[in-house]
Every structure is written in C-alpha cells, then in structure tokens.
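K.L.:
Letter by letter, the chains look like this.
Number of protein chains: 2
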Amino acid sequence: MNKELSTVLPVAPTRGRLRPLGLDEVRITGGFWAARRHVNATVSLDHCRDWMERVGWTGNFRAAVEGRIQHDRRGREFADSDVYKLLEAMSWETGGDVDPALTEAIAAAQEPDGYLNTAYGRPGQQPRYSDLAWGHELYCYGHLIQAGVAQARARGEGELTKIARRAADHVCALFDARGNQGVCGHPEIETALVELARLTGEQRYLDQAALFIDRRGRGTLGDGEFGRAYHQDDMPVRKATVLRGHAVRALYLAAGAVDVAVETGDEDLLAAVGRQWETAVARRTYLTGGMGSHHRDESFGDDFVLPPDRAYAETCAGVASVMLSWRLLLATGESRFADLAERTLFNVVATSPAEDGRSFFYSNTLHRRRRGTVPAADVQIPRAESSLRAPWFAVSCCPTNVARTLALLPGYLATTDDHGLQLHQYADAEITTGGIALRIRTDYPSDGRVSVRVARSPDHPWTLSLRVPAWAAGATAWLVDPDGGRREVTPGMAEVTRVFRPGDETVLELPVRPRWLGADPRVDAIRGTAAVQRGPLVYCAESVDLPHGHEVDAVRVDASAPPEERADGSVAVAGEISVPGDRPWPYPPYDAPPTAGDRTGIVLVPYHSWANRGPSTMRVWLPTVDSAP
Amino acid sequence: MNKELSTVLPVAPTRGRLRPLGLDEVRITGGFWAARRHVNATVSLDHCRDWMERVGWTGNFRAAVEGRIQHDRRGREFADSDVYKLLEAMSWETGGDVDPALTEAIAAAQEPDGYLNTAYGRPGQQPRYSDLAWGHELYCYGHLIQAGVAQARARGEGELTKIARRAADHVCALFDARGNQGVCGHPEIETALVELARLTGEQRYLDQAALFIDRRGRGTLGDGEFGRAYHQDDMPVRKATVLRGHAVRALYLAAGAVDVAVETGDEDLLAAVGRQWETAVARRTYLTGGMGSHHRDESFGDDFVLPPDRAYAETCAGVASVMLSWRLLLATGESRFADLAERTLFNVVATSPAEDGRSFFYSNTLHRRRRGTVPAADVQIPRAESSLRAPWFAVSCCPTNVARTLALLPGYLATTDDHGLQLHQYADAEITTGGIALRIRTDYPSDGRVSVRVARSPDHPWTLSLRVPAWAAGATAWLVDPDGGRREVTPGMAEVTRVFRPGDETVLELPVRPRWLGADPRVDAIRGTAAVQRGPLVYCAESVDLPHGHEVDAVRVDASAPPEERADGSVAVAGEISVPGDRPWPYPPYDAPPTAGDRTGIVLVPYHSWANRGPSTMRVWLPTVDSAP
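Chains as they are written, first to last, in this note's numbering: chain A, 385 to 1013; chain B, 385 to 1013.
The hints are simulated quantities; they were obtained by calculation from the structure and are not laboratory data. Errors might be hidden in some of the hints.
[Stated by the list, open to error] Quick list of the computed label-pair ranges, beta carbon to beta carbon:
#1 P620/A with T757/B: 16 to 26 Å
#2 P507/A with G933/B: 45 to 55 Å
#3 P620/A with M619/B: 49 to 59 Å
#4 D827/B with A655/A: 56 to 66 Å
#5 H455/B with D598/A: 36 to 46 Å
#6 D598/A with G933/B: 29 to 39 Å
The beta-carbon is built from N, C-alpha and C at its ideal position, and this holds for glycine as well.
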C-alpha cells in the first residue's frame, strides 16, 4: 500500500516486513484504552510533572546552570532521564508542544561540547564517564534523544531536538571506533541513536549504535555485585540464546539490536534477538507477560523460576517488552509478537496506574499475601515497597514510562505493507492512512466482536488483515466478510482481499469467554494451581470479593467446573474457602494434613483492576481442590 | 547438680532452667562433628586469617594507626567485625591463644576514649556515628566484645578483653539513658553487652543492653530502602509476634532480647521472643532450618514464602538461629529448641563449608537449577553468586561465623541442672563435669544408636536426660537403661534416674531411617513434591548421581514407594526421569501436557554434602509422579 508517510512515528524503520502508522493516522475513540489515555493526558502527565518539580529533579538543570548543583542535586544518578521521558510523553500527547521553560533550562545546562548530565562533571561532582557501569550518562542521553525525536516527529525539529543532536554528536565524537571503547551499564542509547539516524538520515548515529551493540558482552563493565549477565556484558548480543540479567536493560538492549539489525540488514543479529525473545517467552515470562522475577537485581531468573508471590515484573520491563515485540513485529510481520504485546499491555502496562492516574505499581506481583497500607498521596516511597501503587518513587522510572507508552499507544494498533493494512491490537478507533479510512467499533476486550467498516478506499484490491490472537486457540473465532460470508479463523492473520467500497464491513468474532489455564509443571510455584483468562485478560481473586474477611490464600478452586461470566465483567468459579491452623511441633510446616473447606462460589476480577478498592490480598494462580499432597 | 562452674562458656546466664557446660568439660572425640571441627581448626581458621590479610581487612588497623586509613582502607564498613569473629573462633579453639601482633594493632587503633572502628571518625572519613542505620559501628563492638569475652573465658582476661571493655565503657558513656538515644542498624551489641556483664558482674553493661532492646522499634533508623521492618525498627521487640526483616539482624536481636530477659527476670520479654521463634519456625523456616528467603534484602519473607530455588537461607542466619535456640533452651529447658538447633546445625551450618574447609556457601539454596562454575581458589567473589561455595566474599561474614560456631560446638551438646545432666546433641564425646564423667559412643547421625557410659558418678541419685528428637515422631525410639530395661520413648526428654555406678550404660536407639516428608500446601513452591529426611539429615538429588547427564529438574519421584537406605549413606527412591521439550506458541509455558518418563531408581545424598563433586544441579523437594496438573 503506497501512502504519504506520516512523520509522527515513534519507531520508523526504513525497511522491514511492515510499516508503522503515525499517531496522526490512528485515533482511539472509546473503550478500554481511550479511558486510560484520557486519564494519562489529563491527570498523569501533570502528576509526573508536579512530582518532579517537588522532588527537585527538574530543578537539577537550573541548579547546574546556577553553579549550585554539587550541593543541591536531588534524586538518583539517572533522575534526568525521567524528565526526558516525560517530555517524550508530552510530545506524543500534545503534538510536540512541550514545556518551553523546562526545555530552556535543559538547554542551558548542556555544556559547550554537548555533554549534558546534572549528576557528573561539574566541580564537586564525580568526573564525566568515570563510572560507565552505573553512571547512566549514556542511558540519559538515550531518553533525551527519544524526546528530541518525538518533538521532531510530532511537529518538526525544535529546541529539544537540537539539544538531543548536540548530545548525540558529543557521544559519536567521544565513543567512536577510535575513541572510548566503553558501553553504558544501562542500554537505551542504542535504540535512540538508531531512531535519530532514521530521523536525520545521518549514518554516524546508526554506526555508533551498531558499535555499542557490538562492543557489549566483552566484560568491560566489570563483574559488579550481580555478575556480568546483569549488564548483558557476559557474551556478545549475537551469541546469546535467551534474555538474561536486569530485565529492562536486557529488553532495551534487544530493542536496540533489532533496530540496528533492521537498518544494517544484519539477518544474523535479527535472528539472534528473535531466538532470545522466543526462549524468554517460553521459559521466563509470567502469564501476565511480566518479565524479570528477581527482586534483588530486577533480573530474569533461571528458566521456569516464575514465583507468583515474588514476581518483580517491573512495569518498565513490560513497557520495554512491548517496545521489543513491536520492533520484531515490524521486522518480521509475525503475529506472535503482537500476541505478547497485547498480553503485556492489558496485564502489565494497564495494571500499573491506578484508575485515577495518580499512583503506580512499580512491580506487578501475581500474588499478594498481606494487605498493605496504601501510601499517602504526598509521600515518595522507596522502590522496595512497590507491591503497592504509590504516587512517586525514589526510583521513579515507571510512571513516566507508562505515560509515554499510553501517549504513543495508537501507534501500536495497525501497520501497512505493499498489499494492504494490518490490525494488530483492537480498540474502538478510526484509522486514516493513504487512501484508506477505517472505522473500528468494538468493546474489546469486554466483548469479542470487532467491526471494521471502510469509510474510504482506493479503487484497487487490497488486503485487510486482522490478528486472531493466540489466546483464541482451542475456541472458535469467526470472520464475517463484507458479503456476509462467515468462516472460522485460527490464530495468526485473518485476511480479506478485495476492492473495498465505502460502507463495507468486516467483522471479527473472537471467543472472549473465561476459561481455565493449567500450569506448566516446571514452574514450581504454580504446580497444582489453575488460573482464569478471558480474552487477553488474566483474572485474579482479590480479598475484597471474598466473604467473611477471608484472605486469598484461603481459596481453593474446582477447575473441573467451567468459570462463569458475570454481567459486570467479573467471573465466578466454584471452590472452597478454608483456613488451616498452625500445626503443633514437631516441625511444622511440613507433613501437613489437607484441610477440607466449605464449598462456595468465588468471584474473580481482571488482574489489571486489582488494588483499586483499598488494601487487599490477591492471587492469580489458585490452588485446586484436588491439589493437596 | 552442683558443680564447680567452668569458665569456658560462650553463653553463661546467671539464671534459667538449664546450665551450660564449658568447652573444657565436653570433648568431641569422633564422627560427623569431630571431622568438621578438625578441618576448621587445622585449615579454615588459617584460611580466614590469610584471606583477611590478603584483602587488607586486618591491615586496616595498622593503616588507621599510621594515618593512611582514608586512602588505604579495604573492605566494607563492617570489615572489622570479621577480624573480631575470627579472634573469637581462635580463642575458643586454642584456649585464648590469639594472635598477639593483630591484637596489638587493634589496641593501637583504639582511640583514647574507647572508640574503635577503622571506617569512621578519622580525617577524610565519615564522622563517628553519623549513620547508625548502616554504619555498623555498634555491631562491630558487639563482635569485639564477644572476642574479648571468649579470651577471658578461655584463659583469663587478656589484651583483647581490655580493648573490649574500653569499647563497652565508651558505648555506655555515649548511649546511656541521658545520651545518644539511637540504636545500631545491625543488632549484635545487645547479646555481647549482656555476656560482658555476666563476665564482669558490671550492671551497667546489662543496663545498656536493655536500653538498646527497649529503644528498638521506634523508627529512629528511618525507613531506608527496605522499610522499617528490615531493621526490626517497626515495632518494639516485646510487641512483635514473628521474626521479620533482615534475618541475621532479627535473630541476633532476638538472642540479645533473651539474654536481657533472663538476666532481668523479664518474663514478658522472654515470652515475646518465644512467640516470635514459634511463629517463624511454623511459617518462615525451610526444611533445612534455613531462615530468610529473600535475596534482595536478606530478609524473612511473608508467611509460607519459602521457595526452594530462591532460598537465601544465609549461613549467618543459621548460626544466629542456633544462638537463639540455645539461649531459649537454657532459659526454658524445652527440647524443641534443641530440635531446631540440630536441624540447623546439620543442614545449614554443616552445609556451608566445603569438605576441605577452604570454601563456603554464603546462601544455602534448596534447589539449584543450573550447574555453576566453581570459583577459583584465589578469587574473592561478590555475595550475589553465593549459591556456590567460594573461598572468600566481598561481604564475608559467613566463613568466620561458621568458624566460631564449629569452635564452640562442644558447648551445645549438654547441660546440667539441679537434678542431673541433659544431652541435647549427639556426638561421640566425653563429658566431665562436677562429679560426673560420661563416655558417649555413637555414629550419629549415620546410626541411631547412642551409648552413654558412666565413667564417674557421685554416689547419690541423679537424672540422665536424653533428647528424643522431634524427627523421631511417627517411628519408634527406644531407651535401654543400665539394667537392660528397654522402653519406648517419644519426642522430648527421656530420663533415667538412679545412683549411677561407673560402667553403667544407657542406650538410646533412634529410628534413623529414610522417610518421605509431605509438603505443606501453603508453601506454594513445594506443592506436589516430597522430600526425604533420614534422622536429622535432609536429603537431596544431585545431578552427578543421575544417569545420562540429566539435570535434577528432570526427576519425578514415587513417594508411595518407601525410600531405601544404601550402605554408603545415600538413599534410593523410585521415580521417573523425563525432559519435557518446549511447546510451541500459543503462549508457552502454560497449558502444558504432562510428559511420561522412564521409570528408574534415583539416588539421593545428604544435603550438607552437595556440591563437593564439581558443578551440579540439586534439589531437595522433588515433584511426585502424580503431581502433573
């Protein structure tokens, strides 16, 4: 499908199987994501901005200019990056209209040679690049560059773009093939430099990104406290077979590697990342799409180490996973990447913000055993307590990452290629690109019916492709073409090819019904449990729905009885509630007799909605009544 | 039983139900612990000493004296404490004959007012007591005082004792009721000050310890990264109902609280700690006795959060748990405290050192999924990689803690009271106390027969009490008295009261046979598994014993067939070995079909012995053949 290329593209590969649509080409008009995007645009962006003023992270730039940074700097060494992420979010949301005063302060803090970081290099601070492993300087540039690209794409190059280019030039001058042979402990600049190369057409940015990818894995970052794999510095990117180490780092690096591979035509590198994705999804990913189980180092665990109650599943890793899957989808056209993106968007990204958009999960556990205390609205909390939504964190990467993801979400819905248009994610929306205009009407994921009506079409044949999600396997999905022809479709892409006329309606009917999922016996912590999924939504038991003040650990479910849908979107399952008492010495808690409970119905709610009704306990994988040892 | 009190006592309460024996009254003459104590005395003490020279921790004292500490200090802020722990170990092992040069260097580094710490207070260093939460200064005094007490008890007050008294006097002067109202982020000084009070009869040391116990739980340490419970500063000691937060901190604090409670006759405080112990053992303790599952903050998890593959179970927490149980046993006489101590000694403390005494586990996982790389003998490794035994760690608290525990181990075997003598732990040993001399002959825990022959006895009746371990419940234990009378005995204390004559032999026959343990269904990660225990020893599967290079995760066991003992101390069980392949999209790893495997015999070995035969995988809790979902 030829079309005038939109410029408002978060990711704009010059080649690959599919072409993205611009944010000006896709409008989400209602439903699940429209509601969340509205809260994001009207509440969360201001919330983030206010908090960063309050905790002094935006003020760092002014303090740097005024020569008092060594005394007045606030926040962690990477605090600049959150300011940049917010500016990126604002650019996508407002069409590039970002805070001029803040931009001016950032510009003023940039040094003549392009260096820009409020934590290093000034009198009384650590020297520039004195700690590549933990200093995050290149990481911060990465987010700065993404903000600059967003501004340029949204309304043409602006001040932020110029700052970003100066920083990128500085990096290329210092870290090129003859320069500093280091890499940043936290990947991010790789994907950003490729995007800047795509924006500007300047080869050296791409070359620099390729250098950073190739240099990684040679141990230059040292062993550190967590070992080389933490920084993905244990082996070259193209040799690794699975995602490992710090989850956000691993996923940003993989996204950057895909970008480099696509632009340089490096099929080996692309295949290597594809393999890593596949193994990580098969062995190291939660049912929610959450990645990275370890709290200690925020990292992937070994294969099948996926304990629900110790799921770190950082929100930022969810954002990064969607970024990676999107790049792999564009490069390959394989719908499994959109499948994982959907799972992660609905069950990680949508779970992080509270309904009011004023507090966020940093980590997304699948099982909470104790009722927590909801943090006060005006208190910044340490990352450690992140099993509760909090207004702000000492390390607050997640709120701004959610903000920019929701802002650019329309860009994830559809693509085009030479044959037509592909719908990957479903929302009530309008799409106008080239000669095609579509009206998509749906209550997805509450309802499985997706209607795609053509409003405008070229007068030659083209193909409308609709993703049939992998979760529909085992049930029946139907496609109704504009002539009323109804055929069963299976996971993958369902296609209708024809000369479309205005008014033509294609309908996809997806089997959005709750069903039990069994557990992989290799995941120890879920042996003998079952979980409910309905469409892309994972469900959970939450204590506020249990009788008599019970906690979720008292629940056992009968997975032989089918789950029943309820009008309010919740699901009822059969089961028992029983609370075993502590047994006496000798040596509890082993050799425990099973305790029979009272048969009762149990209500489950969508996982993303939990913890919006006060302190509660929650669990996704529920022990079955026949699971007693 | 009246006797001349021995002075060589690690813990010497002035009241309580039982009285400890001195290290000069108990000699371990053979078997399991004699072998380990021999390696400790002849290899591990020198190993620790050599490493601390090499990494500069002993050199810190000289650097402090020579005014170059601000440039030359090595190790973490608590490195002094490991030097003190080694000196304590040497004192118990050698009868107080500790390195005079090192002692002299420590004395020289002590400042005129008694302050002593190589990390703080000198020009170019952080000020004294500027960071009570993380600075570890009072913690270091705690270990210094324990070393000073050990020297005094082993051979009379020496230089180390004097240094310790000066430090304690300094603390009392500065932190008394009118002084600094803070507490140390890491408890340890509490138990040390009580022991110094017991040694010297000086009330103010006890008063200061009581103040530290009472001050804790008022939030003076701040929230920190991990919350107040990490430092046990979330609520007063006497109000807490369970051990929580950092495991070693929690257990040292509880030990100190018992000491204070015993000396001040504070029954409420004693009862509070007893409750905390009970709940922690019922809900937060591994089968091995290991405590503290969280890697991130080395802390107790919530109730029943005991994942085998993410068991931190720090060696030092095992040492601290034995310290606490010993104090509770002396205070109450209840054999369950000796039961837990036994479990922890055999399965945590004995597991840490390698057979050659030159490398140590820092954490004691119950399931290792990947073969690791054995660290080189000359490389200090970060704490993070502690699922492998390593020669030394950047944080190396565990090797010296094991060393001092093995050195004072004879002190844990027996006690006396007004009625007689109690045997709590079994080893081939000789005991001489007051008018009693006993010869204990046993191959425990390989064999369950314990013979206690009287070599000398007063000519009035007294009671010999032998602990029948809780693990014997469900099987039959027998006691054969000196007249040949044979009676069944149950867990608790089995007693023989009479006028003993030299040559009288009492025999305890414990049912040391392998048996299956079922899992508590509330511990998610072990649902559908079983484990083997034989006497006090927990067993495990280790990949080196599996055919065809299989890893342990391929094993499923048939827990309906009894485990069979083999001549070499290993155990054979029936089961299957099967390796499920990765399943295709959609969305592995859920909805997995069970995979049938080949029926085969599987060899299990004592847990403490694992990882002495090269890199391997290992697991304690083994999925059962009928556990597929």
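K.L.:
Run through the hints listed earlier and report the numbers of any the structure violates, in increasing order.
P.N.:
Violated hint: only 2; rest satisfied.
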